[in-house]
Amino acid sequence: MEKSFENLTITNHGIDRRGFLKGMGATGVLLLTANWSWSQEQQKKYGGEGMPGGTKNDPKLFIAISQDGTVYITCTRSEMGQGIRTSLALVVADEMEADWEKCRVVQAEGDEEKYGNQNTDGSRSMRHWYEPMRQCGAVARAMLEQAASLGWGVDLEDVRATKHSVVFPRGRRRAGFGELAEAVARLPVPTGSAIRLKRSNEFRYIGKEQTLSADGEDIVSGKATYGADLRSVGMVYAVVSRPPVFGSKATSYDADAAMNVKGVIKVMEIEGTMAPSEFKPLGGIAVVAENTWAAMKGREALKVEWSDSPNDQYESQDYRRQMEEVSKKPGKEIRAHGDLEDALAKAKKKHAATYYLPHVAHAPMEPPVATALLKDDFLEVWAPTQAPQAARTHAAERAGLPLEKTRVNVTLLGGGFGRKSKADFINEAVEVAKAFPGKAARVQWTREDDLRHDYLHTVSIEHLEASLSSRGKVTGWLHRSVAPTIMSIFAPDQRNQAAFESNMGHGNVPFAVPNLRIENPGVDAHTRIGWFRSVSNIPHGFATQSFVSELAEEAGKDHLKFYLDLLGEDREIDPRSMNDGWNHGENPETYPVDTGRLRKVMETAAKEAGWGKRMRKGRGLGFAAHYSFVSYVAAVLDVEVKKTGELVIHKATMAIDCGAQINPDRIRSQMEGSCIMGVGLATTGEISFDKGAPKQSNFHDYQVPRIPQAPKEIAVHLVDPGKEVELGGVGEPGVPPIAPALCNAIHAATGKRIRSLPIGEQLT
Amino acid sequence: MRTIRLNGEEHRLDAPDDMPLLWAIRDILGFTGTKFGCGMGLCGACTMHMDGQPIRSCVTPISAAEGREITTIEAISKDSVGEKVQQAWVKVGVPQCGYCQCGQVMSATALLSHNSSPKDSEIDEAMSGNICRCGTYSRIRKAIHTASAELKGGA
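Heads up: the sequence lines are chains P and C, in that order.
In this text, residue positions in the first sequence follow this note's numbering: the first is 1, and each later residue adds one.
In this text, residue positions in the second sequence follow this note's numbering: the first is 765, and each later residue adds one.
Simulated from the structure, these hints should not be mistaken for lab results.
The beta-carbon is built from N, C-alpha and C at its ideal position, and this holds for glycine as well.
Please note that the accuracy of each hint is not assured.
Listed below are the simulated DSS-like cross-link pairs for lysine-lysine, each with C-alpha atoms no more than 27 Å apart in a straight line [as the list claims (entries may be wrong)]:
1) P:Lys223 <-> C:Lys855
2) P:Lys223 <-> C:Lys906
3) P:Lys163 <-> C:Lys855
4) P:Lys712 <-> C:Lys842
5) C:Lys842 <-> P:Lys102
6) P:Lys557 <-> P:Lys752
7) P:Lys208 <-> C:Lys842
Pairwise CB distance ranges, derived in the manner of DEER restraints [said to hold, decoys possible]:
8) C:Lys855 <-> P:Gly722: 47 to 57 Å
9) C:Ser892 <-> P:Glu217: 19 to 29 Å
10) C:Asp815 <-> P:Pro437: 14 to 24 Å
11) P:Glu761 <-> C:Ser892: 34 to 44 Å
12) C:Val823 <-> P:Pro437: 34 to 44 Å
13) C:Val823 <-> P:Ser252: 29 to 39 Å
14) C:Lys906 <-> P:Lys208: 16 to 26 Å
15) C:Lys842 <-> P:Asp570: 56 to 66 Å
16) P:Gly556 <-> C:Val823: 53 to 63 Å
17) C:Lys906 <-> P:Ala345: 50 to 60 Å
For reference, chain P alone in the conformation it holds in the complex (with noise of 0.2 Å):
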């Protein structure tokens, strides 16, 4: 008998809230009914309050207690990694003396209007959420204490909250978290001068070195629900043939051949969008079957053919030449003071480089993936997004549906790293979903659909030119950057890097130098281009890092002190200063770039790395420091390169100032994954076309790093800023800096210089 999909297998995740609350109603679990609002003091158009949606703070939206005493905490960002499910609900927990054991972790559908802003990227979760969430467990806390205090008829200021009870000291009264809930409930709610945030030194979770999970147990067991884990009986699987150019079109293929394949139940249209095609679907044909393998194998039997593109004549290596042309002459002026030709005309010497670096793919362990069902005029999609309330968007238009009808279950996210901030798998699954009414449909997406229709990270040329004085110091700058820029997703004739991309890093250098230019002379784009871990600071921080370290050698100088020198002495840069209105949406008066952080993560990763020490031959240190997503990551990577060439890296050192560190054990997890994210862009990562087409389609040849390419050790050392500083991101800063310290370490084992990403065979 066919089962309802409001009874599909879910576990542990929940994601049908719905039952959650009617279940737990039956139990009694009360809602925190308070309707109340922290006075909203900060700058509307900043931070958190100028994403869509803004931020929230009623505990009613996020915080559950049930008479068993169990604390559900709703998570409206997406987990994709970064731990935020954790973190997140650590800071409510320890705010209103919950006890983390007896905390569950709830996670919300997309919907901006009532959560505030969801879109999980720009390193922005912890940074936008941390005081609203703070506030929202401080109400709830106060609300338990008021509860206790009116049952026991005693003062409030006599009792007090503490690890899940309240307590009442001189009447040796207790009462735990479960046996006010329901008084709680009832309460009318405090007002803002009535609450209290906890002074660091009472916190118990937040700032503290432990490892904690709200996932962690239900991931080794098999337990977790990530996108493709939804069952329901007489669910439907398709997989789609997708042109192999972006904007071809179908135009022949075999519907019976695939038709003939055992279970393959329907073989339909999905209507593509030329560019700019922002996260619609890319169109094809998509082969819906009983089950995955027989869609798989539908697929194969299509033989499709297809038209003509306008990117039939993307190919690599000619866009490179392309693009270094362009390099050659002056672009668009980005940002430009003092008088650069002069410099360069006078200057006793001057140096010039031109880097290269390949689009690069997400490649998250989980490929897209989607399930969507339309029953009785309602949308439901369950789908690993970091964009809820875009995927929910997207869903309702193409469904025809208002978004009252449309709901979007966020799973967890095996691996997003931008990738899933696109929601054209959603709008895959939906249209298949409309050939199937009352039935789930699945779209998935196999490795080789991922890698040969990702929003590709940029590919780029930089080129940099600078003039040294006669005492080995900076006079003039001059980067150029080229690169198809991602508001060609959205827009026609986009040739130019956005405000959000120039000031990843390439507009914004905190450098101490009299005369510099920035600029970016424009391309074309020919393929999808797209928000990779850390964006346009890859190349802009590669090509910036590894030429300091080639002036530095140039002047004769030590890489960390000529560095410092450039940055020149600690001071607060307004952003706005360095042509910078963007500011990754923070305040510039709460945000400058503070060259006074960044010398600190410098001298803290070159002390813990040993920086200056004598190294065997064929061993090298090498060194890089970035600022981006309004945090300070230094590192320093300890290589050999043995006479084979073969590349080992013994040890990564990296330091960070993020501002507090709200998870000190998930900032040290990021920075790890970040740094094994840039060893492997750096070391293999390239997509590159022929005929329009990425050549890679597989992890044969597209590789990552695997455990032996991994550094042997990374040692990652979290930097007190050492002042009131406001929140910075965590899961991206860490990436930029690693590709070039470890060319920059190469060069110091072998004298080489690594211009050309990938590294590939170029040791050898």
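Add chain C to chain P, keeping to what the hints say.
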């Protein structure tokens, strides 16, 4: 119809000879702990045990599993080594996104089952077939050593 032995129980299912075990077990039998990552045996996300040996179930046809004992992540806690590996994984905080970790746990369990004190080079060899895109490798190494110490301590 055919019969396979999975996690100590017999299951009957209708699947063609060439259907990979991964899809048979996920789509037909409904055990979703084992993950799809590449379909070519390159990434290890789909690692199961067949008669105690780690296999890549995305390239192992179901026909090859007949008469063999298949173990998936869902049952690995019943194995004394597997249980220690899972505990070590949680203690060390290995998982980030976690998608590859079931495969990692299966590979690590197989390694420690025949070598309770692996050296780093042996860990490299045994675990090199399992990709983790989040980059948890240093913690995987640490967790294997932790589990190894636990196994010896508990012996």
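Those earlier numbered hints the structure runs against, lowest number first: Of the numbered hints given earlier, those the structure breaks are 4, 7, 8, 10, 11, listed in rising order.
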